[in-house]
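Q: Chains A and B, in that order, give the protein sequences.
Counted the way the numbering used here counts, the first sequence spans residues 102 to 617.
Counted the way the numbering used here counts, the second sequence spans residues 102 to 617.
Take every hint as true, because none was put in to throw you off.
A pair holds if it fits inside one copy or across any two, identical chains being indistinguishable in the list.
Listed below are the simulated SDA-like cross-link pairs for lysine to any residue, each with C-alpha atoms no more than 25 Å apart in a straight line: (1) K236 to T465; (2) K265 to G489; (3) K236 to L564; (4) K566 to R367; (5) K265 to D247; (6) K265 to L501; (7) K265 to P252; (8) K236 to Q225; (9) K265 to A253; (10) K236 to A461; (11) K265 to A480; (12) K236 to D270; (13) K403 to D190; (14) K236 to G553; (15) K236 to P580.
These are calculated hints, taken from the structure and not from any lab test.
If you're wondering where the values come from, they're calculated on a predicted model, not measured in any experiment.
2 protein chains.
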Amino acid sequence: MVILSDWLAAQLDKAGVEPVYRQLLRLMQQAILTGHLAPGTRLPSSRTLAADLGIARNTVVHVYDQLSAEGYVLSTTGSGTYVADTRPDSAAVGPRTALHAPEDADAPAHATTCPRGDMSMRGQRLIDEAGVSAKQWGAFMPGVPDVAEFPARTWSRLQSRLWKSVGHDLLTYAPGGGYRPLRRALSDYLRVARSVRCSPEQIIITTGIHQSIDLAVRLLADHGDRAWVEEPCYWGARSVLQASGIQLAPIPVDAEGLNPGDADLRHPPRMALVTPSHQYPLGMVMSLARRRTLLEYARQHKMWIIEDDYDSEFRYGSRPLASLQGLDESDRVIYVGSLGKLLFPGLRIGYMVVPERLAATFRTGVAELYREGQLMQQAVLAEFILDGYLTSHVRRMRTLYGERRQLLIDAVTRHFGDALPVMGDEAGLHFVLGLPEHCDDREVTAAAYEAGVIVRPLASYYLGKQQRKGLLTGYACVPHENIEPAFATLARVIEAHAFGKRTALLSATQAPASMS
Amino acid sequence: MVILSDWLAAQLDKAGVEPVYRQLLRLMQQAILTGHLAPGTRLPSSRTLAADLGIARNTVVHVYDQLSAEGYVLSTTGSGTYVADTRPDSAAVGPRTALHAPEDADAPAHATTCPRGDMSMRGQRLIDEAGVSAKQWGAFMPGVPDVAEFPARTWSRLQSRLWKSVGHDLLTYAPGGGYRPLRRALSDYLRVARSVRCSPEQIIITTGIHQSIDLAVRLLADHGDRAWVEEPCYWGARSVLQASGIQLAPIPVDAEGLNPGDADLRHPPRMALVTPSHQYPLGMVMSLARRRTLLEYARQHKMWIIEDDYDSEFRYGSRPLASLQGLDESDRVIYVGSLGKLLFPGLRIGYMVVPERLAATFRTGVAELYREGQLMQQAVLAEFILDGYLTSHVRRMRTLYGERRQLLIDAVTRHFGDALPVMGDEAGLHFVLGLPEHCDDREVTAAAYEAGVIVRPLASYYLGKQQRKGLLTGYACVPHENIEPAFATLARVIEAHAFGKRTALLSATQAPASMS
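In isolation and in its complexed conformation, chain A is listed as follows (with noise of 0.2 Å):
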């Protein structure tokens, strides 16, 4: 058996970096913690314990105090300092049980079933699923806009002038969907753009897109339910969907949107998630027949719809198109949009446009869910929106975007022709680039990153059989001169990928030349 002061000087390091307070206190909780110093021993008494160490008698006093305060040690006037008994109580501890699946309350104690890993099953399901880029920035992500044009000058002063005269209830938690200047900025702004139907009451405050779908599924959807999403969809609405427990029903695409068969039509879902101005990621319109037997589909069937608009306000070449929600006579539809692809996606500021019945409950949930924060940047948003910037910057960044997106599709016929097509292209802040059957655009992507361009594989965004292959090509964060020279290096990948099976892409595109 050791001494405690021989084993404890031996340990201390006086000249260290660390305390020695804090090497004391670890030291002594470790000797405890592993049995070292059993329960019941009687501690030195803090003067012959700082004597025999040469340390300050002060710092072995705090360390007994702390060792108290923590239970370590049970201190009685007069009598000393004595090791506590902390030890784990074994009875509590019980035997090891087997590992096994999801609790059924029913299963007698340690049923031997499959084990349990770390993960739950929908936790590895929605990392091996995960659809969210590694690298987020430059030639050719898409759906980012270039923040490097956001004003951000003005947006600091407008924020520094609100930061002089805050006042608490800015600062704290305030229940009730969202700071309400915004929701008014924000309602007269919609109703104007988007021909959204909405006092500033029906809007609700969200961190974005997805928070925004969370909160619809949970209030008005319950694990097992159906829903109905686009096939090709955004897999962060899938995530979202999956991870509460949604069943989801693939619903394929045509030029008009969103075609479900007789055989979805004949079982109605509980909610369906849609993105009628700009299909993600392929970018057909919804079609106005679409969109009136959607709705009133909807309406017979009570079918909650979420509408996406998430990026209805890039439209190039003619004005953008009403939303959805605004046809809707059956308050079916639940808005949902963003403010972080117009201004910059770290701002995190969404909103939901909910029937009027539904408001408060939205506004409970959001509370109780997700507590509600950020006035502070509401406000100032509200400011920028009220002075006019929003406008003026999406108008300016819609005409960028525009070139860009010009410049883009001209690299694509230069290189390619007429062989390679491209997809909704009339919005938005990429477009689909269509790959020959036979390619594997996952194989295109990966080995476009190694060449140092980013573009999203189509497959991605499939939930079942893959319909189509392409790859997402955003042009919004490339600037004007990065484009041609990017584009060059996509294009001998997807060359040295499509063109491997030379022979096969030719005959689809013209009639057969002599091999050179």
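With chain A fixed as given, assemble chain B onto it according to the hints.
A: Just chain B now, with coordinates in the frame of chain A:
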């Protein structure tokens, strides 16, 4: 049948606020949607209609263009403009389904079971059991720091400086667990202040405790899994867990914290959510013996522990205690915290410390489910911490809150002697003022609200049978001079409710005196 131009002329208000273009567009859309302009009807030429209505031809041209873009009409050059057939496809819409309960894929279409209302069952429960308070400021709201004392000018200065030199990487998406300098600063802070074992890589930045718990539950637990929660516990944790389909097992607490009974111990849950530093809401500290037993139990049964360390900085009269995570040798603890109560709740920045082998998984999870953002805010916070402002602010607030706590305790003593116990006052931003057994603390809360004082009823925090009556009484956000007057108001309300049954209380506190 009315002539189109006559009908339009009667509806148009050329002198009105709404632009003529918009009015005309709206009227034409309405006429088409209602069927008054039947599919196939040829519209008058723009020249004719403009002349008939006495408006500019250009206006009519633009309206026709928009109607065409949206699919209301078909324009053929030379042949005119015709109303398109966009009537809902009645075959697709089908007969009205009987409203039925959550989808069973095998159930026949139109199964007749319970009708579905607007809300889901889980949504309705969330709203019914919502614990969030409508008012979030003033005497005696618990859990709210005094944001009026927040160094706004310093924050704003750091913020402006950062915005001057902002690069795109701080404004856009960035999967990666959060701004690295912030993770490094937090890692250093937590190691020293809370004895948390972590590297920056183990830290995941979230929007606060709700999101942290939500993420952990989704990645580590499946729908139907069980979780131990302290009884009573924070309503927010309960809501988040239930919203993800977790079955809650309420575990009693005693003076040493979580105290599972034999039956509880025989059925190990997937996870346990605990507040060992300062039980929320009752305030006791989990003893070292219980901590060691819990950790050993978790190791034995592969249980996850979520340690919610929500306000451990504000401990009065003794040092903050080490975290439970610091004792854990088996990587079973997920440590979560938030900057909200230290700085301001609207900030919405929190963090999780996860075992190293799960770090990459959690980073992907946060990006996939919520999209990352707020990097600018995280950058400002990192500067704030590194420049020492967090530590000095916390130190200052600890003193301030300590004073307010004492003033409130004195007020309680002045009004009630020791008739009403004060629980959990050693730390935090609130304590629990015990009420006599016969009181209904929800009634007292409602009456206090009417009188202009906010408290929260202990009843809201119990899942099962309420074991104790009391009021969560917060002092942090109450200026010194308001404490006595506000408590005087609360005291009157309590007296009316508690001493309405005067005899019972008197006999509990003193020998019966003759009633006057």
